[in-house]
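Single-letter residue listing:
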Amino acid sequence: MSTTFPADSVGLVVPKLHRFDEPLPLDSGRELPHYELAYETYGKLNQDRSNAILICHALSGDHHAAGYYSPDDRKPGWWESCIGPGKPIDTNRFFVVSLNNIGGCSGSTGPASINPRNGKRYGPHFPIVTVADWVRSQARLADVLGIDCWAAVIGGSLGAMQALQWAIDYPDRLRHALLIATAPKLSAQNIAFNEVARQAIVSDPDFHDGYYMDHGVVPRRGLALARMLGHITYLSDDAMRAKFGREPRGASGKLSYSFEVDFQVESYLRYQGQSFVERFDANTYLLMTKALDYFDPAAKHDHDLSAALAHVTAKFLVASFTSDWRFAPSRSREIVRALLDGDKSVAYAEIDAPHGHDAFLLPIPAYFDVMHAYLEQVAEEVGA
Amino acid sequence: MSELQLRADLAIISQWIAPGSRVLDLGCGDGTLLKYLQEHRDVSGYGLEIDPANVVACIRNKVDVIQTDLDAGLSDFDPDSFDYVVMSQTLQAVSYPHRLICEMLRIGRQGIVTFPNFGYWRVRLQLGLKGRMPVSNALPHAWYDTPNIRLCTLRDFEALCREQNIRILERHVLDHAHHERAFSRWLPNLLGEVAMYRFERGD
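Quick note, the sequences are listed as chains Z and P, same order. Residues in the first sequence are numbered from 843 upward in steps of one, following our numbering. Residues in the second sequence are numbered from 448 upward in steps of one, following our numbering.
Bear in mind the hints are in silico, worked out from the structure with no lab data behind them. Positions of the beta carbon are idealized from the N, C-alpha and C atoms, including for glycine. A portion of the hints provided could be inaccurate.
[Said to hold, decoys possible] Derived Cβ-Cβ restraints for the label pairs, each shown as a range:
hint, chain 1, residue 1, chain 2, residue 2, range
1, P, T593, Z, L1204, 31 to 39 angstroms
2, Z, D1144, P, G649, 35 to 43 angstroms
3, P, Q611, Z, Q1106, 51 to 59 angstroms
4, P, Q611, Z, R1083, 45 to 53 angstroms
[Said to hold, decoys possible] With the C-beta cut set under 8 angstroms, the calculated list includes, among others, these residues of chain P facing chain Z:
hint, residue
5, Y493
6, V503
7, R507
8, I513
9, D525
10, E647
[Claimed, not checked] List time: in silico DSS-like cross-link candidates among lysine-lysine, alpha-carbon distance up to 27 angstroms:
hint, chain 1, residue 1, chain 2, residue 2
11, Z, K962, P, K509
12, Z, K858, Z, K962
13, Z, K858, Z, K917
14, Z, K886, P, K509
15, Z, K1027, Z, K1132
16, Z, K1142, Z, K1132
17, Z, K1027, Z, K1142
18, Z, K962, Z, K1142
19, Z, K1186, P, K577
Here chain Z stands alone, though its shape is the one from the complex (with noise of 0.2 angstroms):
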């Protein structure tokens, strides 16, 4: 490992990819002939293969989590700041393995990948994929590295959602699932924000119906347009007030009386999208959406989120930040209730922070003590 690396850094990292032979069935009813996962792992699995932690990524993440690519890489993984040595989730105690979901952009199989079947780009055909196809797929990731029971499943948002599903689907193979910033499913606003997100890209004259590969270019309007909207989301109104206020962005401090960015905050969401634009796939944003849109895992059970938890057996940590409006708190609540409801072992966090829903992603003192806290018993309960 290279010294230029923080001490409290897992350090490089290389990415690994194992390919699938068996077809992955999909809610969708159509499958997967085969298909490829990128992930990473970080620490040690211990010899009884009980300090494993699976993280689960949000809409835009992928498998790097953690660690550094190369000794002049200056962006590290997504989660650096909660995960390392000694850091929230402790590399020193567990095992942990981050992969990029299919349909993604980073490495597993998604939309950019070969058709078998045909020998073409999948493009907009690439099926539809859900939350629970996700976790049918991690579930297979661990077989393969012989791993029975996860210690803890972790995710954000859209993360927490396939933690969620984990503990539904596959209740005797995870012991704890820890769910920040999330939803028992989505609101209708929420719906309507990533409608719009998505029709901003399918209205780009370079999408080509989703065949932009093929034509040579990239709907960068439409999928910069989508990463703005999504931004304007995850802040809260007083973080942007902290952040950005009335800021003139040039230096005279003069409107410019045109439709030029006059504003700090304009500068800013254009950068994001710009940036976005080049790391990721309009695509793959389509179809992370649409997996946000459908999760509903109460939908099954009559609409009774109780009922979907009822044989749940992990135990729960559940966190939520008071400025959070895309998943408030009170999004948090109804799955703290749920599992109230059944007598399932729950421990609920509502985290004061300004920062809106990115505040998962971010060292947050009061998020990473109760992390911490959480973390070290379950380390202690699984011997690592």
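Position chain P relative to chain Z; hints supplied.
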């Protein structure tokens, strides 16, 4: 932890609670009582707590804690879902004690509360003779920064129970040293510094 090391009022509460029962602890602090009950009385249940540091302490104590504001009510809980609903040294700090007591008996079979007795002789002395708001072991805060906004005496509490048709099953008072003394049984409202009640719905 042995019962001897437990705070005196918590030790008495733990004696009141039948082994194997389900308990909800309102304002559970660092989870000491629930941890003790889980380890020694085979009790299961949850603690409700508002303070973030206490929530972390509960998690470290392996107590299922729900961070919540008691003033927001207990609507997350179904009727009769607990054998006991406990509220130790918290009644005097909530906005609507009378509503919360009724809520306790909606979701639990029995209620247990403890609170600082405002009729205690030292308290009366400070207010009556010195003319100052009382400050004591049980009431350690100055008037301007106290969380204790709904102070009452044993008589006040018992009057409320009569009004609300609540049957008191057991009463204890603890003296200044948090011991239960024989003499405080004669004049509990004068000699008891901490009041403890176990109660249920009347007919």
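Broken hints, by number: 10, 11, 18 and 19
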